[in-house]
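Chains A and B, in that order, are what the protein sequence lines are.
Under our numbering, the first residue of the first sequence carries the number 97, and numbering increases by one thereafter.
Under our numbering, the first residue of the second sequence carries the number -4, and numbering increases by one thereafter.
Certain hints may be false.
Pairs of lysine-lysine residues, derived as DSS-like cross-links and limited to a Cα-Cα distance of at most 30 Å, are as follows [stated by the list, open to error]:
(1) A/Lys145 - A/Lys207
(2) A/Lys405 - A/Lys375
(3) A/Lys142 - A/Lys375
(4) A/Lys375 - A/Lys268
(5) B/Lys336 - A/Lys142
(6) B/Lys336 - A/Lys405
Rather than coming from a laboratory, the hints here were simulated on the basis of the structure.
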Amino acid sequence: MEHLEFFPQRASSIASTIDDIYFVWLGLSAIVALAIGALIVFFIIKYRKGSSSPQPAPDDPAHERAMHRIEITWTLIPLAIFLAMFAWSTRAYYESVTVPPDAMPIYVVGKQWMWHIEHPGGQREINELHVPLGRTIELVMTSQDVIHSFSIPGFRVKQDVLPGRYTTLWFKTTRAGDFRWFCTQYCGTAHSQMIGRVVVMDANDYSSWLVATQTPGSMAELGAASFRQFGCSGCHSPNATVHAPRLEGLFGTTVQLQDGRTVVADERFIRDSVFLPNKNVPQSYQPIMPSFRGQIDEQQMLEIIEYIKSLQSVSQGVTQ
Amino acid sequence: MSSVSLGHQENYLAADFRLWSWLTTLDHKRIAILYTVSITLLFFIGGSAAALIRLDLLTPHSELVSIETYNKLFTMHGVIMVWFFLIPSIPATLGNFLVPLMIGARDLAFPRLNLLSWYLYVIGALFAIESLIAGGVDTGWTFYTPFSTLFSNTHVFAAVTGVFIAGFSSILTGLNFIVTIHEMRAPGLTWFRLPLFIWAMYATSLILVLATPVLAMTLVLVTVEHLFRIGVFDPALGGDPLLFQHLFWFYSHPAVYIMIVPAMGVASEIIGCFARNRIFGYRFMAYAMLAIAAFGFLVWGHHMFVSGQSAYAGTVFSLLTFLVSVPSAIKVFNWTATLYKGRISLEAPMLYALGFVGLFTIGGLTGLFLASLGLDVQLHDTYFVVAHFHYIMVGGAVMAFFGGIHFWWPKITGRMYSDRWARIAAIVTFIGFNLTFFPQFIVGYLGMPRRYPEYPPEFQIWNVLSSSGAIVLAFGYVLPLFYLFWSLRHGPRAPSNPWNAKGLEWQTSSPPLPENFLRTPVVTEEPYAYATQRSSDG
C-alpha cells in the first residue's frame, strides 16, 4: 500500500498506442460528464421552482425547428467521434492480433490451476516465462481442461486459452524486469492462484538462462521420440506400407479434404487429425487412422507439432 | 385534477386482508406487491453476498472466507441480482402496477398469466435458494462451459433450473404487456400520447419475449450435454465452447437493456414531473428506446473480443456497439434539455432520477472504452468491466428503481413518507455508489482481474477505498426500508395526486380501487403537458 499507482507500466511495443486511446477517451469523457453535470446544476438553479426566468411558448414553430436542429447536432457529433475512435482502436487491435513473421514461438498449456511453458529448445517452466528483451514472442496456447485466459497488463495483451484449439498472442518487450501475468477467465477454485511472472532479460542474461535450463532434447526432438513411441511413424514414413499422408512439408499448406472442403494445415489441423481423425479426412485417403485421445497429452501434442513443423524442408508437395 | 369520488368502495389494498386472497389475486396491483416483496427479499440476499465480497477484498489474502466460498459468493451475487432482482425489478413491480393505470385499463390483458408468472418466479427463486443452501454454485453467473458442464462439482443443476423457470416468468410478463399496450389503451390514448414509461415497458417486453427463449434453449443444451454426454459445447465430444458464449450473450446482452430501458422510462416520468416540462424530443425518446431494444440484439459479440472469435467478427460487433451508443447518448442530452426553462423542484424522486442520469452517463461513457477493440483487450475481465456494468445496472437501473418506488409510493400505498429522510437516502446512495465503484475503474486499468479473492498488494489501496464506499452505499440502501415501513403506519394519507403530476394513474384515488377507474378515462392531450398546466395555474 506504500505508493499510489494510477496506470500500469508500459513494457511492450503496443502499450503506448493502447494508452493513447485510453487517455483520449478519459479526456472526452471528462469533458462530457462535467458539461452535463454543470448544465444540470445551472438549470436547477436558474429554473428553480418559483423563479421568474422565461418559460417556453408551448407551440411555437420556430422553437420546434430549433429543437430539431439541436437534436440533429447532438446525434451527428457523437456519431462522428465514435466512428473516428472505432477506426483508431480497430487499427490498434489488428496490430495487436497480427503476429509478425519473425516471431519466436513459445508454447503454453493452461490447466487447473497452473501454466506450463515450453520453449522450442526444450526448456520447461511453470508459472514463469523468461523472454529476451526486444525480441518478438508468439505464444501458442491451449488448455487441457476449461477455458483460461492469458493476460499481461504491463504489455496490454490478453487472449483466452481454449481446450481443443490453439490461440496465439504476441508481444515485443521494451523494458527488462518482472511483469505480472494473470489468468483472467474464471476457471474454478484456484483461479486467483493461476498467476505467474514474465521475466524480461537482456540478451546476455537470456543466453545464460537458456544454457542453465537446458534439457536433453529440443521440443522437435522430444516430438520425434513421441512420434515413434506412439507408432505414428509406422504409417506416416516413406517406407510404410499403409496408405497414409506424408508429413514432410505439410505444415502451412492447404489440404484438400474428402468432403470437398479445404483447410490450412496449422496447429489445430494437426491436433484434430490426431484426436478427432474423422473430422478432416484428406482427399484420396481412407479414414483408417485411430484416435489418440487420452494417450497423448497436450504437451506431447505440442512437441509432435513442433516436430512436424521441423519437417518443412524435405520434399515439398507429397501430401497432395 | 379533482380526485374521483370513492363512494363506499374499498381500495385494492383494503379489499380483502386474508393471505389466501393475496395468493390467488388476479389484480395486477396486488401481483405487483407480491413481486415487490419477493424481489426486495432477494435484493437483500444478493446484497449480503456483495457485502461479504467487499469485506473479504479489504486484504490481499482472502482472510474472511476461503477461496471456494468466495467463488460461491460472487456466483450467488450475480445469479440472484441479475435474474431474481434486476430483470424483474421495474417491469414486474412498477410495470405491473402502472401499465394498466397509465393506459386507463382495468387490468392487464391476461390476469391469470400474470399471477402464473409470479408463481414461476417464486419457484425459480426457490431453486436458486435451494442451490445456495445445498452448498452453493461456483461457476460465476455466466455458467461458461466446459467448466460448468464437466468440471464444477457444485450445485449447477439446481441454479440453472431456477434460472430456466424464472425465464418463463419473464416471457409471460412481456407477452402480457405487449398485448395490453396494443389492445387496452383508453379512448384518445394514441401511441404518441403514451407516457415514455409505457414505451419503455413495450420495448422491454419485446426483448423479454424474443431473447429469453434463447437462454432457455441454451440452458437445456447445457443440461443435455451434462446428463447425456451429447457433444454441444465440450470440445472433447466434438462441441464448441465458444458456441455457449455466443448463445449466452445473445440473451444476456439484451438482458442489460431489459434492466436499463425500464429505468429510462422511470427517469423520464420523474424528470418531466419535477421539471414541470414536456420531455424534450418526446418522439425521439420513444424511437430511441425501440432502437436500443432492436440494436441490442446485434452486439453480443462485444463480450467476446478476446475469446478467440475471429477478428472480423470483433470488428463488426465493435462498430455496432458504437452505433447503439448513439441513442443512449441522445437520451442523456434530452433529459438534461428537459430541465431547460422548467420549474424545477428537488423532491426525493427527482434526486434519484438526476442521480440516475449522472451514473448512467458515467456507465455509458466507460462503455465506449470497452467497445474500442484494442483498448478492450486490456480492460476485458478486469475490474474496469465490473465498475462499468455496475454503473449501468446498479447506478442506473437500481437508482431509477428507487426513484420510481419513491415517486409512486403514495399511489401504491396511499401514504406519504418523510421527504427529508428520502432525500438523505438518495444523496447517501449516490455518494456511496461512486465511492464504491469509481476506484474499480482505476484498479481495472492497472490489470486487477475480476473474480479474484486474492490480489497483488499494490492493488490494496483501491480495494480498501471501494470497500469503504460500500459501507456508505449499504447505508443508502437500508435507510429507505425504515422510513418507507414507517410511512405505512404513520405516514400522512396521500392525496390522489401529491406531485401534481400528469398521467392517468394520478387521476384515480390513492391507493386505487380494485377496478382502477370508476369510469374509463378519455385522453385529449399529449403526455407531459406541464407547460399548459403551468399557464392555466397562473
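How the hints compare with the structure:
no.: 1; hint: A/Lys145 - A/Lys207; result: violated, 64 Å
no.: 2; hint: A/Lys405 - A/Lys375; result: holds, 21 Å
no.: 3; hint: A/Lys142 - A/Lys375; result: violated, 71 Å
no.: 4; hint: A/Lys375 - A/Lys268; result: violated, 36 Å
no.: 5; hint: B/Lys336 - A/Lys142; result: holds, 8 Å
no.: 6; hint: B/Lys336 - A/Lys405; result: violated, 73 Å
Of the numbered hints listed earlier, those contradicted by the structure are 1, 3, 4 and 6.
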